[in-house]
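Student: Below, each chain spelled out in residue letters.
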Amino acid sequence: MTKDAIVGRYPRSPEVLLSLLHDLQKANRENYLTPEDLARAASHVGLTPTEVRDAVTFYSMFSLRPRGRHIVRVCESPNCHLAGAWSALAELRRALGVDVGETTADGLFTLELTSCLGACAVAPVMMVDDEVVGNLTPERVRETLDRYREAK
Amino acid sequence: MTRVQVLLCSGTACQSSGSAKVKRALTEALAGHDLLSEVQIVETGCMGPCELGPVLLVYPEGTFYVRVKPEDAAEIVAEHFLKGRPVGRLLWTEGAPEPTEIPFFARQRKIVLANCGTIDPEKIEEYVAVRGYEALGKAVTEMAPAEVIAQVKRSGLRGRGGAGFPTGTKWELVAAAAGDPKYVVCNADEGDPGAFMDRAILEGDPHAILEGMAIAAYAVGASRGYVYIRAEYPLAVQRLETALAQARKLGVLGSGIFESGFSFDIELRIGAGAFVCGEETALIASIEGRRGEPRPRPPYPATSGLWGKPTLINNVETYANVRHILLHGPDAFAAVGTEKSKGTKVFALAGKIRNTGLVEVPMGITLRELLFDIGGGVPAGREFKAVQIGGPSGGCLPASLLDVPVDYDSLTQHGAIMGSGGVIVLDDAACMVNMARFFLEFTADESCGKCVPCRVGTQMMLRILDRIVAGEGTDDDLARLAEIGDMMKKASLCGLGQTAANPVLSTLRYFADEYHAHIRDRSCPAGVCPNLVRYVVLPDACRSCDACRRACPTGAAQGTPRAGPYRIVDELCIRCGACFDVCPFEAVRKEPREAQ
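Quick mapping for you: the protein sequence lines, in order, are chains U and D. Numbers 1 to 152, taken from the working numbering, label the letters of the first sequence in order. Numbers 153 to 748, taken from the working numbering, label the letters of the second sequence in order.
Careful, some of the hints might be misleading.
Pairwise CB distance ranges, derived in the manner of DEER restraints [unchecked claim]:
1. 415(D) with 11(U): 10 to 20 Å
2. 129(U) with 403(D): 32 to 42 Å
3. 306(D) with 102(U): 55 to 65 Å
4. 333(D) with 105(U): 51 to 61 Å
5. 172(D) with 28(U): 45 to 55 Å
Treat the hints as calculated values from the structure; they're not laboratory data. Note that beta-carbon positions come from the ideal geometry of N, C-alpha and C, so glycine has one too.
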């Protein structure tokens, strides 16, 4: 879908800003909001680009820098911590060769942390895009990454 | 008409454990035996015992299968569905009792969760079949708005989001407030670590929330509603969208509902990863398209909320209770619970407890009943140490308080809070200081930075706790923690800052000896704090099986299979404990070490 078509689905009101930004961000292969996106969103909902930027920088799920095709988010909440999220995270760092906040050289993955994903019964948990992956072991981490690599 | 019904849980936890693959395998096996017309598979919301997933419940007998793998499908179909012999090895408990006889279910009282796990949340017909939207119909055709409010007041329902404000009183305030239009908002920004009850209701019974909101809108005189839901819950978003479309099509949302003069519609608003947006004024700012920062109250949203108009904000579980009050009457609702806490509460059990998952219990049962009779207690070989209840705004209660009743006022009195209902059980392997630091790190990170007491206070406390867990604390640190915590409680702008110190203050109150051990002895009694512990391999116990080396993410565990004891290189070790957890011979040990 073109950016114009995305924007066109929303009424011209500031209350749709977050949803619109989510959609614009997803439409970019690199999972971020470009300056043009901010300007486009601003003029559509009737805010200034600065106001939009002000809002964007508040929310952790929006990025103003290019990211990977897939966002890997590891839950860092207490239940996952108790269940060993730390070793899952260490495995992700190793397998991806990047630290938290960085993107792999092939542009496929960005590694991030997240607060509770609400799937504590299968902790430790991570999300890859919209998929929840629980009961993480180093092996399950590797399998999941392989699955996304193959699907590219 | 089908002979057998298979209720397959497809909540987030069971999906993550592979419920979709189980469904495919079951369908294939059924097709192989030509049973597709006789056996119906229904995908439901969360059934509760999430750790045992994927779970499925087979009717008419009520056989409860746990940890079902796709490979098991052929046997279930051939043995159970064809020959009527339940597959013993997949049963939760021996003898295939009805779920009502399994202790985990027997002690629960499901009102809010009644439909979760029994109906297909993506089919409005199934909701209607269990008296769905009947309460709304009754309200708009037979009752005046004031009567609806009177019934909710009489029921004694209090807000399930944490603070426990009387719901009927809140509705009355919005109804009486001057201003037009009025709005109804559902706070589905569940963000407390360890809380997943709202997620389960959103995924398992979305129509109950929409119906509750519509009844509320009729009562307060609103024509427009919003569900503000976090983006981390994509399955819940999708099921809500489906539910909204179906409700509009059926005419229970939209204009002239039940051919009355009442019109109401609901839109979704998706968050973007900010914990503070669960605070009502921050949530309003976020819906309006701004930074989700809280503002001082009063004015409360009831008089000045969205775009300055009167706005009713309740949480997911609160709305899900509403239809039951109208269907069965406020007195029946109030018959469950204690004098000041009526009805039931849904809790998310997690941490070191046998039956992790979702449970609903009458208010007023004791922590012991909740955690041991229903939750099954801590797994064998470990001892109960504390329960963290109420998330980052809550507190840690020790074993000596296990007989405290679970209601709003008793929990607050002992330094915890009901909160949204997240319960994290800690065993004797947990370090309470480390745990308190963990929660504080969370609130420090999520503090929006608008007010000084919260922004600076959380950072100051975190710095002190960092010193303590590193073995560098001093005796006056404890008094300073208490002082800053007290200041934050009094001076912070919103609930986040006002309660952020609770995990620290409650552990100081009940586990002071652990703080002293870190400060005076420079040791972590539980062997958790990285700077105060190291991992060693006991050469006599090690069978050089290589498990630790394979589990170690940093290459600190070293050795060659079958070639003598392994070793752990301390300089490379990040103290994640993977080797300790994985060793089948208990050859890896944690040892206290001097602070470095």
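Student: None of the hints should be skipped; say for each whether it holds.
Tutor: Hints versus structure:
{"no.": "1", "hint": "415(D) with 11(U): 10 to 20 Å", "in the structure": "holds, 18 Å"}
{"no.": "2", "hint": "129(U) with 403(D): 32 to 42 Å", "in the structure": "holds, 36 Å"}
{"no.": "3", "hint": "306(D) with 102(U): 55 to 65 Å", "in the structure": "holds, 57 Å"}
{"no.": "4", "hint": "333(D) with 105(U): 51 to 61 Å", "in the structure": "holds, 53 Å"}
{"no.": "5", "hint": "172(D) with 28(U): 45 to 55 Å", "in the structure": "violated, 29 Å"}
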